[in-house]
Amino acid sequence: EDKVVQSPLSLVVHEGDTVTLNCSYEVTNFRSLLWYKQEKKAPTFLFMLTSSGIEKKSGRLSSILDKKELSSILNITATQTGDSAIYLCAVRHTGNQFYFGTGTSLTVIP
Amino acid sequence: ETGVTQTPRHLVMGMTNKKSLKCEQHLGHNAMYWYKQSAKKPLELMFVYNFKEQTENNSVPSRFSPECPNSSHLFLHLHTLQPEDSALYLCASSQVLAGETQYFGPGTRLLVL
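Protein chains in written order, with this note's numbering: chain P, 6 to 115; chain Z, 1000 to 1112.
This is chain P alone, in the form it adopts within the complex:
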């Protein structure tokens, strides 16, 4: 059965800390892995990863995919209170299916 597992389920850090969020997957016919940030309602897109070992970076956020280990990490450096959200990992199947993890709830304390 295809599945996506995220860890930790929740995380509380202080402003300025660096965090690493994990996503592992068991999905047949893998096409891509995506990270989303969900604050109040709609998830907003962060990164799409298709190739192993190539880091994607956007400001203080970065992500990398390891196809051998069937996993990805999302790093956030110098965290701010505005980073508080649920971070969702999804794996896209070649059949256009998207499988989501339960998410990691990040709380950044001032």
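Simulated from the structure, these hints should not be mistaken for lab results.
One or more of the hints may lead you astray.
Interface residues of chain Z toward chain P, partial, derived using beta-carbon atoms under 7 Å [stated by the list, open to error]: (1) Ala1038; (2) Pro1041; (3) Thr1100; (4) Gly1104.
All C-beta atoms, glycine included, are put in the ideal place defined by N, C-alpha and C.
Using the hints provided, position chain Z relative to the given structure of chain P.
Chain Z in isolation, oriented as in the chain P frame:
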């Protein structure tokens, strides 16, 4: 972000009511999706439409009935729901075969009494 819109944003209904959720995408995409998001659970894919044709139905109960009249609009018709159907219902769209991600609407928060 107005690429994908959903109405209503909040809905309270009784178990005997009939209501519909609406989704519209302004991105020129050709695939649309309905997801259910319940507390502490992964997003659950309910329905997928590619080029207006339903391609996925993940064992969703018949009290949920989707309709996709064209590639820009998607409806979810609700009938005789149960309290456990209370959740956030998210619509998304994407461009099939182009490698793009999904873009989500703001969701409809549904409460079934």
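Here is what the structure says about each hint:
1. Interface hint status for Ala1038 (chain Z): violated, as the beta-carbon distance to the closest one in chain P is roughly 10 Å, over 7 Å.
2. Taking 7 Å as the C-beta contact cut-off toward chain P, the hint placing Pro1041 (chain Z) at the interface holds, the least distance being around 4 Å.
3. Hint status for Thr1100 (chain Z) relative to chain P: holds, with the closest Cβ pair at about 5 Å, below 7 Å.
4. The beta carbon of Gly1104 (chain Z) is positioned within 7 Å of a beta carbon in chain P (closest approach about 6 Å), and the interface hint is therefore held.
Checked against the numbered hints given earlier, this structure breaks only hint 1.
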